[in-house]
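Sequences listed follow chains A and B, in order. For the first sequence, our numbering assigns the number 4 to the initial residue and increments by one for each residue that follows. For the second sequence, our numbering assigns the number 55 to the initial residue and increments by one for each residue that follows.
Simulated from the structure, these hints should not be mistaken for laboratory data. Glycine residues also receive a C-beta, built at the ideal position from the N, C-alpha and C atoms. Do not take every clue at face value.
[Said to hold, decoys possible] Distance ranges between label pairs, derived from CB positions:
1) B:161 x A:13: 23 to 29 Å
2) B:149 x A:100: 18 to 24 Å
3) B:82 x A:42: 24 to 30 Å
4) A:80 x B:95: 23 to 29 Å
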Amino acid sequence: AQSVTQLGSHVSVSEGALVLLRCNYSSSVPPYLFWYVQYPNQGLQLLLKYTSAATLVKGINGFEAEFKKSETSFHLTKPSAHMSDAAEYFCAVSDQSTDKLIFGTGTRLQVFP
Amino acid sequence: DAGITQSPRHKVTETGTPVTLRCHQTENHRYMYWYRQDPGHGLRLIHYSYGVKDTDKGEVSDGYSVSRSKTEDFLLTLESATSSQTSVYFCAISPGTGTRTEAFFGQGTRLTVV
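Can you make the complete structure from the sequences, with help from the hints?
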């Protein structure tokens, strides 16, 4: 079964600093990978998705992620953090054999002024 | 915003009682999912549906059942609620899987079992 692992349950950065949230996947076939964001007391919304068309994927709010097969990684980055980026971020994989959408345990991003 | 409505939004219930949560969509999407969110565990899949009357178990399905008699409605039932089922429950919908995965989430239902 496919799965994702998010390294670091909490990440803190200063406003204007680089944001790097880590996600590694486990899959025996080319995976379909996603990043979602959850703001307090809200549901999740899609930031970006990888579906094998391009290894560097750009999403909303200035976020992007790079698919690296050799490292089985799909890390999320943003060059310059903004206070409004403070939220919880989830990596997810679509399991092609079962139609399940499986999420990681999440990373809470704090942004300090 | 995708048309997904979860009801109720908040519920407090007693241990041992049955509880049903409803997810209603207006998007005519094929796939519907129920997740629970708990600190340190992220979102864990309870059950999902890939069509009317077609459902399958997720990773934490014990104590839960689901039904989907219409495309637009996906019901989650806690057969006999326990304190361990206190959680926030999210419904999600998607038009497809793989490259067509585009999951949209409801606002969540906060369930407290006392």
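Consistency of the hints with the structure:
no., hint, in the structure
1, B:161 x A:13: 23 to 29 Å, "holds, 24 Å"
2, B:149 x A:100: 18 to 24 Å, "holds, 19 Å"
3, B:82 x A:42: 24 to 30 Å, "holds, 27 Å"
4, A:80 x B:95: 23 to 29 Å, "holds, 25 Å"
No hint from the list above goes unmet by this structure.
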